[in-house]
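In order, the protein sequences belong to chains A and B.
Per this note's numbering, the first sequence starts with residue 206, numbered consecutively.
Per this note's numbering, the second sequence starts with residue 375, numbered consecutively.
Since the hints were derived computationally from the structure, they do not count as laboratory data.
Treat the hints with care, as some may be off.
A few chain B residues that face chain A, going by a derived Cβ cut-off under 7 Å, partial list only [unchecked claim]:
id, residue
1, R468
2, S493
3, F634
4, M635
To give an idea of the chain B side of the interface with chain A (calculated C-beta under 8 Å), a few residues [said to hold, decoys possible]:
id, residue
5, Q432
6, S589
7, T627
Yeah, the Cβ is synthetic: ideal placement off N, Cα and C, and Gly gets one too.
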Amino acid sequence: MRLQRLWTVAVVVFACTLPLILTTTGQPATTEIKIGAVLPLTGAFGSSGNYFKQGYTMAIDDVNKAGGLQVGAAKYPITLIILDDGSDGTRSRSLVEKLVTDQHVNFLLGGYDTSLVQAQEVVPDQYKIPYVEGGGAASEIFKRGYKYIFGTLATIYDMAKITMDYLATAADQYKLTKPLTIAVVWENTDHGKDYIEGVLDGVKARPDLFRIVLNQSFQLNGSDFSPLLQQVQASNATVFLSDAHLPDFITMHRQYLQAGLYHQFASYGARGPDQRGRQALGGGADYLIAALWWSPALKGAASQVFADRYTREYHAIPDWFQALSYDTARVLLAGVKNAGTLDGPAVRDALAKIEFRNALVPGGVIRFNPNGQIAGSPYIMVQTLPGNTVRIIWPKKMPETFDAVLPMPKNQ
Amino acid sequence: MFTTQNLVSVAIAALLTAGLYAVMSYGLAIIYGVMKVINVSNAGFLMLGAFMTLMYFQWWHLDPVAGAVLNLLPFFGAGWLVYKLLVRRVVSARPIATLLLLFALWLVIQNVALAIWGSDDQSIITAYTYKSLIVGGFRLPLTRLIVFAVALLALSLLHFVLGHTYVGKALRATVQDPQAALLVGIDTERISALAFGLGTALSGFAGSLLTLLFSFTPDFGGPFQLKSFTIIVLGGLENFAGVTVGAAVLALTESFAVLFMRASLQNVIAYGLLVVALIVMPGGVAQLWARTRS
């Protein structure tokens with residue numbers, strides 16, 4: 206009887222002290238690294254979200270095929286957990302939180318687009334989990350003082366500035382009608398606000414060359430842009446600039462062509478050369494000018510290896526979505542490796558001072574500003590040409606750069 | 375900045391859009407008229423109509439206008455079945471029951487489409503997609519002209535059927551007074567199934583026509599649903615002629631409002647009109663017309 210009582214006391218004492226023992230001797234040994242991402246696999250941004258999934262998967266596969274990621278003395282396999290937010294901001298944020306609290310992910314990869322990244326970005330700092338994203342480019346994302354967010358896309362403001370710089374050069378080279386009268390339309394989001402700010406600063410820098418004749422915002426994921434395009438038509442501009450995401454670009458440019466609009470120079474920001482856009486518009490996307498973060502037209506070895514591999518795996522030509530998401534995941538993994546630990550704050554510090562070489566972005570190097578956004582403005586300008594061809598037209602110094610076809614021919 | 379020519383051009387474009395708006399709202403008005411049910415699955419059938427048209431185009435190179443006609447029969451059958459298997463069981467329950475049922479149906483249709491066609495933007499490009507005609511100095515997109523003409527033809531045919539056939543008269547009688555219709559020997563149960571079938575057929579028809587103007591995904595249809603609802607409220611919910619007027623009012627307001635306000639507020643116009651109509655004239659233009667006559 207006494208022995209039984211002693212056993213009972215021993216079991217109770219053991220049960221009570223077990224958590225303490227586990228805490229003092231450390232957690233059960235880590236056997237894998239969990240990386241989470243919440244992407245819009247369905248909904249308005251479904252196409253782009255699936256491209257991001259492909260890029261992330263390719264980068265993680267690379268590491269797992271090599272036996273895992275070397276972190277300090279140990280090598281860990283990586284598990285990638287991807288959840289679908291259906292392109293809904295509220296759901297996106299709560300799913301990122303779920304990844305942290307339920308799935309206990311070690312690190313986070315970002316979503317797509319700016320609005321969804323903005324919805325997600327509050328979570329990483331809260332839990333001190335590094336978050337690297339390549340799907341949100343509005344500078345507003347990095348103005349909120351978060352320390353655990355890193356972005357691999359150059360800003361939309363820079364995109365607009367580079368487009369304006371190119372336009373200024375092209376005006377002389379291709380004898381566009383001067384002064385260039387510009388109709389600019391932009392989506393009513395932080396993405397669009399960045400764009401119009403860049404365009405207006407470009408106009409301020411060259412008042413002799415540029416004149417804005419229409420400045421209008423439109424709703425993201427709009428269903429019908431014909432009233433807006435009526436205004437564009439009435440403005441009699443020589444240049445048409447639009448900041449639009451892929452679904453809006455397809456709808457707007459289709460209606461642009463149906464309305465018989467024509468401009469000497471037309472650009473939809475980063476849209477036009479993407480495969481989905483060209484499939485949806487056919488020859489309608491020909492001659493559009495775009496500013497891009499990456500293109501398969503880049504002849505660098507890393508870009509060509511990536512493009513060939515992607516085409517082998519997915520039987521399609523990659524766009525910047527896949528390339529930037531691939532780079533984004535590789536940067537995160539490099540940060541973990543450099544830190545030599547899975548500790549969130551240590552990896553965050555390693556990312557803050559990373560100099561990631563052999564990247565796919567123009568220039569081949571990714572490093573971050575103190576606010577977490579990529580340093581520099583790695584952009585190229587491209588033109589879509591008939592026959593599903595995309596050519597780099599800027600910067601001039603690159604060997605793969607061609608002269609643009611400007612003024613744009615009336616192709617319809 | 376706007377010349378008279380610009381303003382006339384905006385008005386013409388708005389009227390061409392109104393034809394499309396009317397055809398996509400008629401189905402909703404017929405179903406509401408007969409059953410007092412707001413068919414929120416209308417958006418799903420619009421989207422399905424667009425995807426079926428894509429299939430016909432890919433399989434047989436069938437033009438979307440022919441696809442619209444081809445859609446009528448299967449969509450009528452689908453609507454009939456939805457009524458017989460689902461709606462009939464809850465039609466006499468509280469309105470929230472049918473609303474939730476049809477909302478769930480919309481989600482099911484959307485997810486099935488997502489599983490079959492994925493989330494990529496799809497589009498149909500015909501030989502005339504980017505063509506336009508210049509008439510009296512005004513450039514008119516050929517696709518909008520075709521959609522307007524086909525919509526007008528379909529609506530004229532519908533008016534003829536509703537006004538000159540036994541089925542049409544029975545349907546209108548059921549809309550006006552279901553009890554009286556029953557008393558004079560109309561099989562209102564059958565008329566309800568017919569109305570749901572007809573409404574769904576019109577959604578499939580409109581979905582096909584929309585492919586001439588827009589690209590589409592499984593999410594397609596939602597924004598048009600709001601517009602359709604605004605139109606039938608403006609028209610007076612059960613008034614078929616009012617739907618045409620409601621479509622014209624919405625299209626003209628949307629087009630001209632953009633001249634004075636940000637295009638990003640375009641959807642606010644539809645919401646605003648809906649609120650105004652519900653508060654100021656819940657009976658829509660039909661009520662306004664009746665007041666003027668009296």
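(message) Tell me the numbers of any earlier hints that the structure contravenes, in ascending order.
(response) 1, 3, 4, 5, 7
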